[in-house]
Amino acid sequence: MKPLKIGITGVRGIVGETFTPELAVGFAQAFGTYLDGGRILICRDTRPSGPMIRSAVIAGLLSAGCDVVDLGVCPTPSMQLAVKWLEADGAIAITAGHNPWRWNALKFVRGDGLYLNSTQAEELLDIFHQGEFAKATWDTIKQVINYENPIGEHIKVLQGAFAVEAIRSRGLVVAVDCCNGACSMLSPLWLESLGCTVLAVNNDPTAAFPHQPEPRPETMAQLCAVVKAGHADVGFAHDADGERLGIVTELGEPFSEEMTLALASDIRLREQSGTVVTNISTTSAIERIAARYAGSVVRTRVGQAYISEGMIEHNGVLGGEGSGGITVPEVHLTHDSAAAIGLLLERLARTREPVSELVKQLPQLTIVKHNIAVEPNRLYSVLQDFRTAVEQERLVYDSLDGLKVTLPNGWIHVRASNTESMIRIIAEAEDAQDARHLLDWVRDRLSR
Amino acid sequence: MRAIPTLKISISGVRGVIGESLTPGLLTRFAQAFGTYISSGTVVIGRDPRTSGEMVKQAVIAGILSSGSRVLDIGMCPVPNIQLVVRQRRAHGGIAITASHNPADWNALKFIGPGGLFLNSGQAGEMLDIYHQGEYTKVSGAEIRTVEEVAGATDLHIRAILDALGPLPKTSKRLRVVLDACNGAGSLVGPQLLESLGAEIISINVTPDGSFPRPAEPLAENLGDLCVAVKEHGADIGFAQDMDADRLAVVSEQGVPIGEDYTLVLAAIYVLGREPGPVVANLSTTSALADVAKKFDCPIFLTKIGEVNVTEEMQKQNAVIGGEGNGGVIYPRINFARDSLVGMALILHLLARQSQSVTELLNDFPHYYMVKEKLICPSDKLTVVSKMLREAYAGYPTDTRDGTKVTLPNGWFLVRGSNTEPVIRVVGEAKTEGEAREIVARVRGKVEACVH
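Chain order of the listed sequences is A and B.
When we follow the working numbering, the leftmost residue of the first sequence carries the number 1, and every step to the right adds one.
When we follow the working numbering, the leftmost residue of the second sequence carries the number 1, and every step to the right adds one.
This is chain A alone, in the form it adopts within the complex (with noise of 0.2 Å):
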């Protein structure tokens, strides 16, 4: 079976697989029905298949009456913002963020400029299933027109809600690397207007990616040299559309994408105590750093809606995932890196501690993840057995999202990813052989 993820992050598969056309068309029709026509936006990153799936969701959008903006290519959170100033009725990012490059997505987003929750996700996704779709008339059929500048008033935004002066006057040396993916559009251009020396590589829109779009430490080492050589301050890493953030310290050192919204949660608390909105499979490091201001902190299944809806219910101050993706409220209630660097830089403005020291003393634990391929019609069932094998030894277990099993010097977390066809794993302990303990533990008792 090839790979085809339809789920509440939208619609996601390989292109030239199972990533057709006129899945595409299917999909935009069933949004634009959805919401009853009106005005949608759409955006993509630069996978090589962008055009194409761009050609298709417009023809959906506009036989279910749709009036389509395009803003061309952009970051997937620009346009978020964009829902909003442009009064659209919601919108389409066509990335697949940080699945390699053959693969395309569809990711959803409504009026407010967040992704579609759960329940919606599914209402869709029915819409799509019954495959009747609202159908213009040739009188009442609508247009396409292009949008210039979603980047410039993303900026605005951005520099309304930091201390730009302060970062400014810092002078910062700041190593980018944008993937070649859609933030190069946007990030080169944050980072210069915070007055900062920019060392950006790979911020080619036309070019491929030059890695896996995933900002974790395996896919920095370009970073890390270049941070090096050009003796920068600090070295931000991005995926395709700039939802995820990796932080590359001064002294070279990539550290764990795990540990970005670590480092968010105490620059933010220490300024503004409150609740941290993150999901169950995020270190416990979050907990340790809220207990120091007298912050909460509220855990959410995995997926950026949920954090959004976390959020809004708890007037959350700062949310994110173990996957690198941060929320700052005051740019939007959404992932977004250009809002993380911004939290990041103003903290650096702040301090004479350079990042190295900034990590250092943020509790040190170990996070190790393992992803297994699996054969996508047998990904519950491996999970149910895992279960089994979890409730026969009596633990006390989480079924939020997956099964997060606490144990004495740590804990595990097995769910199955909403991105790929593959069982992920987390496992967390104080120091590395705990944690690698902990994930041969899980290993044991995953049938296959």
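No wet-lab data here; the hints were simulated from the structure.
A few of these clues could be false.
[Claimed, not checked] Here are the simulated SDA-like pairs of lysine to any residue, each with C-alpha atoms no more than 20 Å apart in a straight line:
id, chain 1, residue 1, chain 2, residue 2
1, A, Lys142, B, Leu175
2, B, Lys231, B, Leu175
3, A, Lys228, A, Ser256
4, A, Lys142, B, Phe212
5, A, Lys142, B, Glu20
6, A, Lys142, B, Gly75
7, A, Lys142, B, Thr207
As the structure is a computational prediction, the values presented were derived from the model and not from experiment.
Use these hints to put chain B onto chain A, whose structure you have.
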């Protein structure tokens, strides 16, 4: 009894109603089928001004890109323009997004092969097989090619005509022409072409915004405004186009439509007078064309209805001029396609050189009167009708290559189903109106009795 469907899939392509049968999923799949059929290559895409044109075009682009081909998007332009570009750019094929003279709520795809001709029935059949099987070439992201937006395609069209025919010879008085482009694709080219030729033009309905100022089919009954304008301005001639500018209708200096068939007759008088050679038309064309061919001692060949049938025969016979009785003029020296722009240029050259009016030119040949009617007819009744006619007219010369054509002592008639609408057409011709109407009325009566 089932309702008559509003989706027509045939060798002419796929045609349907927006908001009903012509959905983006269907269009994308057809485009994928076409892309798969031509293997990887370059496809030229153009459209008429219909409001649904953008939606249809995007659906088609998605399908073509997904199958690994490259797109040359030449924007809004006449269909013959697309055919010309396919040939000039040595593309592997083309797709015209237009429903010709169908009402505003229709749109359609017409598929063009590598030579710039529409797919013939064999080729269209092969493509349809691919469509029905549903297994399309699907390339990975890295192999997806680009869409190139090509500007100035209409200028190319005008240049090709002027290069071949030159501007109109200088006469003491410039020819005054009224053009009714039906707000179609011709709006973008016609006025400019006529000016470049050196005519004086009055244009009506040249706003290609998707609105239909009149029914698009350039039949006499739809040309009222044009006729009035010709008389009002004292023009030498009036021209009317349909939405995609392939067909041409002519109004005389008296403000009288000369009849769709006579467009080709006038063009043939000009061409055969200068470069005699074979003439090709279809079974539904006026006998007047045969009279013209005879005058210039040229052979004439009649084919099944349909541009591709005429063009294939034209290639076979090395014809110098051809076309169809619906106002389609094909002049291979410029473009192997029904081309209203070429038609206008040829006819104006004729007028300029002969110093005769349109009426005088036509009076040089015998007059015929043609009556064309159509009735709603479900497609499953067509064979019953043709059988009935063969039996009813058993004693007369009958040609059944395309519908049923019967030659009578005082004229002829042709009965056939349509590729483009769920109707049956009855055409009859005789030397007088009375006789033509009588022929058609009698045949129509028989057909109606058979259908109901």
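Each hint tested on the structure:
1. Lys142(A) <-> Leu175(B): Violated: lysine 142(A) and leucine 175(B) sit about 41 Å apart, past 20 Å.
2. Lys231(B) <-> Leu175(B): holds (14 Å)
3. Lys228(A) <-> Ser256(A): holds (18 Å)
4. Lys142(A) <-> Phe212(B): Holds, at roughly 17 Å.
5. Lys142(A) <-> Glu20(B): With a Cα-Cα distance of about 16 Å, the restraint between lysine 142(A) and glutamate 20(B) holds, given a limit of 20 Å.
6. Lys142(A) <-> Gly75(B): Cα-Cα ~17 Å, so holds.
7. Lys142(A) <-> Thr207(B): Between lysine 142(A) and threonine 207(B) the Cα gap is close to 18 Å, so the pair holds against 20 Å.
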